[in-house]
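Participant: Sequence:
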Amino acid sequence: MASRRWFIVIVGFSAILHAVAIYRTLVPAQDGLKFLRVARDFQSKPWGDVIRGSDQHPLYPALIAAVEPPLSVVLGSGPETWRIAAQGVSALASLILLFPLYSLARSLFDERIGLIAVLIYVLLPIPAEVGRDTLGNALGLCCMTLSLWLGARAIREAAWLPALGSGLVGGVGFLARPEVILAPAAIGLAWAIHAARGRSIRSLITTPALPALGVGALVCVGSYALVKGEVSEKLALRHGASIGSQKIMHRTTPQLLPEGLDGAKLDFSPKEESDRSTMRGPVKTLVWIGRQWWDELCWGFAVMAIWGLTRQRFILSLFKDRDERDSGTVERLVIGVFVAVYLAVLVRHGTALGYLSSRHLLPLVVVSVVWAAAGTFVCLHRLGGKLSIRPGTKRLALITASTFVVGAMVVYQLRTSHQSRWGHWAAGRWLAENAQAGQEVLDTRGWARFVSDNAGGYDYWHVRQALSDQRLSYVVVGHDELEVESPRSRTLGALLAFAATPIQDFPVRIGGRNVGARIYRFQQPVSWEGFSP
1 MASRRWFIVI
11 VGFSAILHAV
21 AIYRTLVPAQ
31 DGLKFLRVAR
41 DFQSKPWGDV
51 IRGSDQHPLY
61 PALIAAVEPP
71 LSVVLGSGPE
81 TWRIAAQGVS
91 ALASLILLFP
101 LYSLARSLFD
111 ERIGLIAVLI
121 YVLLPIPAEV
131 GRDTLGNALG
141 LCCMTLSLWL
151 GARAIREAAW
161 LPALGSGLVG
171 GVGFLARPEV
181 ILAPAAIGLA
191 WAIHAARGRS
201 IRSLITTPAL
211 PALGVGALVC
221 VGSYALVKGE
231 VSEKLALRHG
241 ASIGSQKIMH
251 RTTPQLLPEG
261 LDGAKLDFSP
271 KEESDRSTMR
281 GPVKTLVWIG
291 RQWWDELCWG
301 FAVMAIWGLT
311 RQRFILSLFK
321 DRDERDSGTV
331 ERLVIGVFVA
341 VYLAVLVRHG
351 TALGYLSSRH
361 LLPLVVVSVV
371 WAAAGTFVCL
381 HRLGGKLSIR
391 PGTKRLALIT
401 ASTFVVGAMV
411 VYQLRTSHQS
421 RWGHWAAGRW
431 LAENAQAGQE
441 VLDTRGWARF
451 VSDNAGGYDY
461 WHVRQALSDQ
471 RLSYVVVGHD
481 ELEVESPRSR
491 TLGALLAFAA
501 TPIQDFPVRI
511 GGRNVGARIY
521 RFQQPVSWEG
531 FSP
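Using the working numbering, the first residue of the sequence shown is number 1, and each one after it goes up by one.
Just so you know, these hints were derived from the structure itself, not from any lab.
All values derive from a computational prediction rather than experimental measurement.
Glycine included, C-beta positions come from ideal geometry on N, C-alpha and C.
A portion of the hints provided could be inaccurate.
[As the list claims (entries may be wrong)] Pairs of lysine to aspartate or glutamate, EDC-like flavour, derived with a Cα cap of 16 Å:
{"id": "1", "residue 1": "Lys-271", "residue 2": "Asp-480"}
{"id": "2", "residue 1": "Lys-228", "residue 2": "Asp-49"}
{"id": "3", "residue 1": "Lys-320", "residue 2": "Asp-110"}
{"id": "4", "residue 1": "Lys-320", "residue 2": "Glu-111"}
{"id": "5", "residue 1": "Lys-271", "residue 2": "Asp-469"}
{"id": "6", "residue 1": "Lys-34", "residue 2": "Glu-485"}
{"id": "7", "residue 1": "Lys-271", "residue 2": "Asp-49"}
{"id": "8", "residue 1": "Lys-271", "residue 2": "Asp-459"}
{"id": "9", "residue 1": "Lys-34", "residue 2": "Asp-459"}
{"id": "10", "residue 1": "Lys-271", "residue 2": "Glu-483"}
{"id": "11", "residue 1": "Lys-265", "residue 2": "Glu-529"}
{"id": "12", "residue 1": "Lys-271", "residue 2": "Glu-529"}
[Unchecked claim] FRET-style restraints, in silico, Cβ to Cβ:
{"id": "13", "residue 1": "Gly-336", "residue 2": "Lys-284", "range": "21 to 27 Å"}
{"id": "14", "residue 1": "Val-287", "residue 2": "Pro-211", "range": "37 to 43 Å"}
{"id": "15", "residue 1": "Ala-19", "residue 2": "Asp-267", "range": "38 to 44 Å"}
Generate the whole structure from the sequences, applying the supplied hints.
Facilitator: And the structure:
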């Protein structure tokens, strides 16, 4: 009972951290603007058309669309309500994730290590930030962890009901993030290995549990494919499975530039090219994965995870009252197979595309915190045994050290982050007060247009349409976009110098650089003749 009370305390503590961080957030993640746009479409268009017309998996924006109406009754309608709805869905998924994470750690070791694992995950900065951002990763991680826990239970009990639940949860998670489908796939492979070890292949063939696992996953994936017309547009899945590129869609109306611009050598890349070095080959990809995993576990917990894995047998020997039949063997097999399968897909993806995101490593971080907790536990256990001081003093020292670590990580989590977004937020507020109806906005980052609630404007993916629109009146651009030396920057600067006038500046100085935003008044020229980038 004591462990349950502490677990509830940690979940409540995590909820408070999420609430404070959401309150301090100015604008959504830039990638999250896509989800918010799709969520708005779910409220105004047929859902089938929305799914077919979007390159995002639909579960996360659909949940945002469902949460926003009741939230708007309390907060009123507007962009802030949409942002809070999106972050609220992510935060709730992050809180639900703690339950299967605790259950997995308890099955692998015991309740104490389960509590430490949950606390470590709550304190890690990157999982916490992604866990309350306007992205579908938190929802996908929640479904992945729950699917792994249910799958391990299904193998241990040879029961079809948890197997069906594992497949369904994995399939539902696929509707949020495509890589979640690897969880039920890994469970099926782990089941086959478990049966081979026990020389019970016949039982594997005759059990209804394994088909239930597959049916549960395929129901969701197949239903999505029927509506969408394909399994996934996400490159991580298509390249990882060697599906190949999708059929090229030819537009019925070409994206023409105004006369005078069509012949110029212009660079309308939606984003500035990243300085990230391209991954070439599986070895470099694995090295990058290892470094990123190390960083996301804040170095110290990465060391503890390695130590917990190497001292696993000794740690298990400390729990003398542990039931021999509940040794966590199945859970270790399921997690081990999942890590191997997921790593193989990551390496395939990174090698094929030359790029991986830090968010791709989060599933590995989730399962790693269990062994980080075990390593932390055994270190504290051995340290306590070597200190010849009274038990009360030991307890006080442990509480003091834990409070210091928790406090430091909470302060780091809630630090003022993404300061560069303030300029775009201020630009959006200015547009909301000054832009008239019918005046369209071209926003290179998208934040100002979101804050101003200008749903009919343009992002830089549609710059050609924007330049052809006679109603285009304002352009919002980041200072850093104009100062960098690149073909895109030169094109953007030349366009603004030719047809726009700066009217409002929102500087933000970070490290001696201006990363704020600037608003230009755009005057559509009669002719672009004579323009030269």
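Participant: All hints, please: hold or fail.
Facilitator: These are the hints, each one checked on the structure:
Restraint check for Lys-271 and Asp-480: satisfied, since their Cα atoms lie roughly 12 Å apart, inside the 16 Å limit. Pair hint Lys-228 plus Asp-49 holds up; C-alpha atoms about 9 Å apart against a cutoff of 16 Å. Restraint check for Lys-320 and Asp-110: satisfied, since their Cα atoms lie roughly 11 Å apart, inside the 16 Å limit. The suggested pairing of Lys-320 with Glu-111 holds, with an alpha-carbon distance near 14 Å, which does not exceed 16 Å.
This hinted pair does not check out: Lys-271 and Asp-469 have alpha carbons roughly 21 Å apart, beyond 16 Å. The suggested pairing of Lys-34 with Glu-485 is violated, with an alpha-carbon distance near 28 Å, which exceeds 16 Å. The suggested pairing of Lys-271 with Asp-49 is violated, with an alpha-carbon distance near 27 Å, which exceeds 16 Å. Between Lys-271 and Asp-459, the direct Cα distance comes to roughly 11 Å. Compliance with the 16 Å bound is thereby established for this hinted pair.
For the given pair, Lys-34 sits about 11 Å from Asp-459 by alpha-carbon distance, which is consistent with the 16 Å threshold. Between Lys-271 and Glu-483 the CA atoms are separated by roughly 14 Å; this keeps the pair inside 16 Å, and the hint holds. Between Lys-265 and Glu-529 the alpha-carbon distance is near 14 Å, which keeps this suggested pair within the 16 Å criterion. Simply put, Lys-271 and Glu-529 have alpha-carbon atoms about 27 Å apart, too far for the 16 Å limit, and the pair is violated.
The hinted window of 21 to 27 Å between Gly-336 and Lys-284 holds, with their beta carbons roughly 24 Å apart. Distance hint check: the CB atoms of Val-287 and Pro-211 are about 40 Å apart, consistent with the given range 37 to 43 Å. About 43 Å separates the C-beta atoms of Ala-19 and Asp-267, a value consistent with the hinted range of 38 to 44 Å.
Checked against the numbered hints given earlier, this structure breaks hints 5, 6, 7, 12; the rest are met.
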